[in-house]
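Protein chains: 2
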Amino acid sequence: MRDKSTEIPPGYQESLETVDYIGAPLNTPEMKFFTRIGPLQAFLNEQRIAGKSIGLVPTMGALHRGHMSLIEASQENGDFTVSSLFVNPTQFNDPGDLERYPRDLDTDKLLLEKAGCQVLFAPDTREMYARQSQVRFDFGQFDKILEGKYRPGHFSGVALVVSKLFNIVRPDSAYFGRKDFQQFKIISIINDDLNFGIKLHCRPTVREVDGLAMSSRNLRLSADGRNHATTLYRNLLSARQSLLDGISWSQVRAEVEENFRSSAGVQLEYFELADSATLSTEVKDLTKGILLVAAIVGPVRLIDNLPIA
Amino acid sequence: MRDKSTEIPPGYQESLETVDYIGAPLNTPEMKFFTRIGPLQAFLNEQRIAGKSIGLVPTMGALHRGHMSLIEASQENGDFTVSSLFVNPTQFNDPGDLERYPRDLDTDKLLLEKAGCQVLFAPDTREMYARQSQVRFDFGQFDKILEGKYRPGHFSGVALVVSKLFNIVRPDSAYFGRKDFQQFKIISIINDDLNFGIKLHCRPTVREVDGLAMSSRNLRLSADGRNHATTLYRNLLSARQSLLDGISWSQVRAEVEENFRSSAGVQLEYFELADSATLSTEVKDLTKGILLVAAIVGPVRLIDNLPIA
Chain A
1 MRDKSTEIPP GYQESLETVD YIGAPLNTPE MKFFTRIGPL QAFLNEQRIA GKSIGLVPTM
61 GALHRGHMSL IEASQENGDF TVSSLFVNPT QFNDPGDLER YPRDLDTDKL LLEKAGCQVL
121 FAPDTREMYA RQSQVRFDFG QFDKILEGKY RPGHFSGVAL VVSKLFNIVR PDSAYFGRKD
181 FQQFKIISII NDDLNFGIKL HCRPTVREVD GLAMSSRNLR LSADGRNHAT TLYRNLLSAR
241 QSLLDGISWS QVRAEVEENF RSSAGVQLEY FELADSATLS TEVKDLTKGI LLVAAIVGPV
301 RLIDNLPIA
Chain B
1001 MRDKSTEIPP GYQESLETVD YIGAPLNTPE MKFFTRIGPL QAFLNEQRIA GKSIGLVPTM
1061 GALHRGHMSL IEASQENGDF TVSSLFVNPT QFNDPGDLER YPRDLDTDKL LLEKAGCQVL
1121 FAPDTREMYA RQSQVRFDFG QFDKILEGKY RPGHFSGVAL VVSKLFNIVR PDSAYFGRKD
1181 FQQFKIISII NDDLNFGIKL HCRPTVREVD GLAMSSRNLR LSADGRNHAT TLYRNLLSAR
1241 QSLLDGISWS QVRAEVEENF RSSAGVQLEY FELADSATLS TEVKDLTKGI LLVAAIVGPV
1301 RLIDNLPIA
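Line order of the protein sequences matches chains A and B.
Residue 32 in our numbering sits at position 32 of the first sequence; the count goes up by one each step and never skips.
Residue 1180 in our numbering sits at position 180 of the second sequence; the count goes up by one each step and never skips.
Here chain A stands alone, though its shape is the one from the complex:
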């Protein structure tokens, strides 16, 4: 296998096309803004009685085109779109990461309004956590591997805040990005096991022109770090191609790890091939496999993934 990590790999444009961003429509810039649960619920009840289908796009703000593609998907489905903006402390295992997480409410508001989002719900921590939470979630194998291994408690915090948002908003549909693939699995489990009955949408990752997955944390990359960060996606693409060419996973992984070792400024945490249904690393059917990567670039931890088929 050639080291494809230093060149634009084949299939690259094709991948971009499937996730291309469609410009936000310039429709009526009118959006309701709530910070409290009670008034939000009263307003949403009116919409429900008026027969509207409610779509929820949960975010932690610092919005990028990935988020906007979720708003658009909700709009295209004809949902009355509610976006939530809450930097959820219980899902941050690293207090420094929480503190440094990018925040820009004013810009976020403008972006959402421009995209036709009908409601923004931006509660503060006291509104979401009126008292110390006492419940923790456990997902067996699902939250012990990949992100769960490196971020203990992370998925319990995700499950908690998403359960809160599901109960507060009672959406018909909810929209998530595929970049956080394991998170989407966890949310699907919650939705099924607790009978929320919400239609969940997992939308393709939106990428920069050089392939870097959009992420709010990209804002914290230095100019050099921004260049190094492309290593993740380039290796996902090259590993996928190698696997499709019949090269064994152990060989592919060894080569990817060597690529990362020789890449300046990028420290690999994991690079795994997993079954996209079970997240098990015993992949019997390659076409159902997904490659997942996490790496540290300067002060930022980045993740990405790529389905084989």
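Mimicking SDA-like on lysine to any residue, the simulated pairs with C-alpha atoms at most 20 Å apart in a straight line are: (1) K199(A) / Q1134(B); (2) K1144(B) / Q134(A); (3) K1052(B) / Q41(A); (4) K149(A) / R1136(B); (5) K1199(B) / I37(A); (6) K1199(B) / A130(A); (7) K288(A) / I247(A); (8) K1199(B) / A1277(B); (9) K199(A) / R1131(B); (10) K1052(B) / G51(A); (11) K144(A) / Q1134(B); (12) K1052(B) / N45(A); (13) K1144(B) / G140(A); (14) K199(A) / A1130(B); (15) K288(A) / E272(A); (16) K288(A) / D275(A); (17) K288(A) / R178(A); (18) K1052(B) / I49(A); (19) K1052(B) / R48(A); (20) K1284(B) / I1247(B); (21) K1144(B) / S133(A).
Just so you know, the hints here were simulated from the structure itself, not pulled from any lab data.
We have chain A; now place chain B onto it with these hints.
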């Protein structure tokens, strides 16, 4: 302290009065019966749109006057009352207990209809658990003590099925019996932490004339066992009186344990004094204490409790 466990203790009639059963009204015997989630939800949506407030009374069937008092509380609050009947396998740590749990759907239906219950939801296991659940709940200290210590996994199963029922029915109010005091705590945590926003009612334990707490499992007691079973409540009453008389908890507990040792056919599992808010056994304010007991009588495990004030 006298051994009060062999006589009808003072204050006994008073206790009974506060929980006396008011006969079920003989109103229109018309009740909707559902076994499937979809049709139930469609019907309940109609009721909601018609402005009705929905009250949920979750049961495992084999209904007794304790259950009926919950239906009545819901009716008195003006709720459109939905009772669920589901023997939830995930909360049984003992498969034998699950297998032998009393079941009598026909009688239950008649009782509910007579009490004016508007909807009975009695799904089968496949409807409630369409696939193997993958989420487990952890409540820190709350599910490691008392019942949690003797029934590992029990409260995770309770939290799971109650979350399902809350999401399926979306009630405004839900009614539970105080006999399962720790269960009510766990459900309160779920309701708060996950923002279900349901008004929870904890109703007084209903008792037989000799003080035995009503329980579906009482049906499985032999004639002798039925007599022995009164030991639980008699010791709760005598222990409460002793504590109010200023006797120390260590002395009271020692005497209760001696009472149980000398009572034929009753095997004590625990007898604890706990803070009714935190369930901590460090009780600083006796007026906020609650006595909790579990004991085995023949083939049946019984629980009961009594607040001090």
